[in-house]
Structures are given as C-alpha cells and as structure tokens.
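J.: Going down the list, the sequences are from chains A and B.
So for the first sequence, this note's numbering puts the first residue at 729; every next one is plus one.
So for the second sequence, this note's numbering puts the first residue at 1347; every next one is plus one.
Mixed in with the good hints, there may be bad ones.
Said to hold, decoys possible - Derived pair list, reagent style DSBU-like, types lysine-lysine, alpha-carbon separation capped at 35 Å: (1) Lys1411(B) to Lys903(A); (2) Lys903(A) to Lys1413(B); (3) Lys958(A) to Lys1410(B); (4) Lys1411(B) to Lys992(A); (5) Lys958(A) to Lys1409(B); (6) Lys1407(B) to Lys875(A); (7) Lys1410(B) to Lys1075(A); (8) Lys878(A) to Lys1407(B); (9) Lys992(A) to Lys1407(B).
Because the hints were derived from the structure by calculation, they are not lab data.
Here the structure is a predicted model, which means the values were calculated and not measured.
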Amino acid sequence: MKRPLLFVLAAVSLFLASQILSPPVFAQEIQGLRVHDTPGDGGESVTLEWEGGPSAFVTIMRSESRGGPFEEVGSTFGADGLYQDYVEAGIAYYYQISYQLGDEGYLTAQVGPAVARSNWFRSYRVNALILACLMFGLVIFYINAAKRGKDLYIRRIAGISAIDEAVGRATEMGKKIMYIPGIMSISDIQTIASLSILSHVAKQTAIYGADIEVPNKDPLTYTAARETVKQAYMEAGRPDQFREDMVTYITYDQFAYAAAVSGKMVRERPATNFLIGYFFAESLILAETGQSTGAIQIAGTAAPTQLPFFVTTCDYTLMGEELYAASAYLSREPILLGSIKAQDIAKAIIIITVAVGLVEYFFGSSVIKDFLVSR
Amino acid sequence: MRRTIPLALTFIIGLYPIFAFFVPHARITYANDWLDEALVIVAAFALPLGTVNVIMTNTSKLKKKAKGWPYSIVLLCGLAIMAFYGLIGGTGVHPSFQWMFVNMVSPLQATMFALLSFYVASAAYRAFRARNIEATILLIAAIIVMLGRIPFGDMVTGGRMTPLSEWIMSIPNAAAQRGIIIGAALGAASMSIRIILGIERTYLGTGKD
C-alpha cells in the first residue's frame, strides 16, 4: 500500500515541478491601467491594476489633482500587473506609471480619481468565514451528540497516556517533576493548552504527594500557572501541600531562562520533565540537558520548527493537534471529546478537498486551489 | 460569580478579534488594536509580581542556606545593580548599564545560544543511528541535505547535490510540515471554540463550576 502511494506522490511532485519550471511569457507595454479603492480593507489603500508590463521595475506616480504635479510613491515589478498604494482615506488620488523599454522611456495616461474608503467586510476572506462557520457547526453538533450519550471513539495518544506513568515514576523515585510551560505569554493558545495539562499534572502530584516545580519565563503565564497549580491542589483536597515556591518566575530573557532551568535540571535532577507549550531555540538546550540527566521527558508543541528537536530528545512528544486534544483526552468529559471528534471530521473534509483540488488541477481548472488561498 | 465574570469576559473578548478579522472598518479595528495594547498593560502589571517572586524565592534560599545558595547572592546582586542603573539613567543611555549589558549580559546570551551547536550534534547522533528502515531513510535524507548546503557536496557530485537537497526540503519536508500545521491549526481552532464557549475551563484552574 505504501509503495504505490509513494509512486503517486513522486508523479504529482514531478508534474508540479514541470509546471513551476515552465517560463512565463510577459507582454511588454502596460495596457488597461485602472485604479480603484482596495476592496475589503479599512480604507487605508487603493489598488492599481494593468495588463502586460515590462519584466523590470516600474515607477508609480501619484497626484492629488488631475493633471499633476505627479510625485513618485513607489515601484514594483512591471509584469506583476498590480500595486497597492497606502493612502489617506477620503482623498481623491490620480496615478501614472513611468517605465523603460530598452532605451526608451514611457509614461502611461493618468487614471483616477480613486478614493480609499473603510469597508464592512473583507470579501477576500469569505473562504475563511465558510471554514470558521463549518468548524463552529461541527463542534456544536458533536458536543450535542456527546450530550445525548453517543459513544465517541478517540484514538489512543501515547504521550498523553504516559503522563500519569511519568508522575508515578517521580513519586516512586522521591524526586521532583519539572513542568516547563513554554516561553510565550498567556495570549498564545499553546500556553493555554499547556496550562490545561498542568492542571491535570498538578492534581496527580497532589494526590500522589510528589513534588512539582513550574519555572516561568513570562510574568502573565507565571501568575496563571500559580493559580492553576493552587486550584489543582485544592481540588485534590491537599491545599496544605501547595507551596509558593512550586511555581516560580525566573526571567524574561530567553537564554537566561534556558540557562537557569538547565542549571536546575543538572543540580536537582528531576525524575520527570514536561516541556509543553511554545518554544523557540531554547527547546533543544532544555530537552538535551534533561535527556543527559536521565529524566523521563514528555514534550508537546505545535511549533513545527521545534518538533524535530523534541522527537529526538524526549521519550514522548505531543505533536501539533495532540497538544490541544490533551486536556479533553485527560478529562474524558464527553462534551470536550465531542470537540475533538469535530476536529477530526474537519481534518477529513480538508484532506478530501485538497485531494479533489489536486485532481481538478490536473484537468486544468483551479477553482478549489483559488478558494483555498488565504489572505 | 467567580467563574461567570471571567467566562463572560472570555466570550466577548475571544469573539471580538474573530469579528475584527472579517470586518476591516476603522471603528472595529480601532477597538481590536486597543485590546492588543491592553494586553501589554496587563503584562506590565504582572512583571512586578514576577520580580517579587524572584526576590522572595532567592532570599528564602539564602535564609535556609539551601543547596546552591551562593547563586542566589549573584542573582540578587545582579538584579539590584541592573535595576539601580536602569532606573537612574534609563536602559539604553546610562554608560554603566550599557557596559554591563554589552560586556556581561550579551556575551552570556551568545554563549547559551552557541551551546546549541553541540546539542544539535549530540541530538543528531542519536536520531541518525540507522536502527530501522525509517531511521535509515532519515539518515540518507539528512546527509543529502547537509551536503547540499555546503560547496563540497556540489564539488563531488558535479552540482547535483544542491537541487536534490532543495527538492527534499521543498517537497517531502514541506508536505510533512504542512500536514502538521493543518492539524495544529484545526486543534487550535477547536480549542479556541471550547474556550470561547466556556466548555474548556481548566486554564482557569478547574474544569467545574
């Protein structure tokens, strides 16, 4: 099954490469120059469009009165046929384009007036609106299905299943658990997902009587993490076991934070390290240091650039969507699981749409491809 | 009430940027920009809380003579000295502050960043051990990509290594990355809907009322 699939993928790749490598043909002179308010913006620009154009840079000239004087406001590649000029809303503007063809200079006839106005809908984002409505609809539908008692199958995620095991290991060894919630602020969705997992981990440590430490880089994340851990200990019926030094603030500097946490890992040798949230270059420093201390490591991030580092250095890695599914998976609450099911169905719809779009593209049409372009 | 107000705020403030994403009118985007600025102000209020925690944690370590207490002295002195010069002369102006930043903070940051090269080498060694078919494919792909990024690769293969390396990066690698990104985007959307509708509450400290 895998081999024919690889051949198909190779054939598709070669076809797309041949399409990309075909040299485009451009007309030389600029024709049909027109200017209009940019549709779907906040009244900050007007758009110039034309056909043809040289394969070189052209100069965009603007004036506030018919007949000039025109002044240079920018330049663009002539064959692009498009230029967006950022202007003041409510003022009428006139345009001309000057360009060179060989040794000869050309100047188009002036066009305008065009006035930038605030619009009430970004028409070019209608695709995103449809997909957002579809996602909302699916989530509501599957949540209601879950409420009615429908059995929803969710595949087993090894990294999430290992969380309780990792807490148990630390308890048995009498060592602490280090939970690193990434380095981003609470405004990042990955940090929120991380705090949801932290809530579960802290509850487990409270039940088992294990020690947990949560070092933070962002002050907002620090305050939220402290409340999360405190609340988890209260819910577990062990508020007396919560200590203020369980959740600490380190520094706002990325590498100073990495140095401090690495130092803690080496000195205190936690039995388990959780690295869950948004990470940048410090991901490998932290994960590799944790690996060298022999700790069991569970990582989770949706940052594709950091995933390879976690996969090579951690025992389990929650990749992308698994990170967001973790809190629902851990709680096993039907309502939360319903939204995971909706996510899976949305993914299936996207896969089918992309596959159909690919077939359509083979036959020379690009309706689906154009629909999926985001702006 | 302790739950209702945060959930109502989350619903309104969570839904507004989605609305502003589709409505570009200046009146709508102005309020959206204001919300972004408000976040910075809230973060500024949280920073002193963090600083107090740093001071309390380290003074407590000093009092108890806990393991590694001398490091706490260095940290507290560094914090006090940098804060002093920063407050009296500004962070980018005072010569003493600038001297400490250029000659102490900056080299330390660079040192930590430089450590990455060694960590990449040790992580790559573990990842590239050809234990099974997948690891072997990874090893071969990695060798091609690495050779494609240096002149030596093209020299020994007559210029074939760079295009091959580019093909690996822009076709199979990009395809896998896009798969992960699409999955992650859907996951983020699903989680955002759960938070906006108040179904997901664990970030507030509890999943229950």
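J.: State for each hint whether it applies.
T.: Okay, the hints, checked on the actual structure:
no.: 1; hint: Lys1411(B) to Lys903(A); in the structure: 20 Å, holds
no.: 2; hint: Lys903(A) to Lys1413(B); in the structure: 15 Å, holds
no.: 3; hint: Lys958(A) to Lys1410(B); in the structure: 24 Å, holds
no.: 4; hint: Lys1411(B) to Lys992(A); in the structure: 16 Å, holds
no.: 5; hint: Lys958(A) to Lys1409(B); in the structure: 25 Å, holds
no.: 6; hint: Lys1407(B) to Lys875(A); in the structure: 50 Å, violated
no.: 7; hint: Lys1410(B) to Lys1075(A); in the structure: 54 Å, violated
no.: 8; hint: Lys878(A) to Lys1407(B); in the structure: 54 Å, violated
no.: 9; hint: Lys992(A) to Lys1407(B); in the structure: 14 Å, holds
In terms of the numbered hints stated before, the structure departs from hints 6, 7 and 8, listed from lowest to highest.
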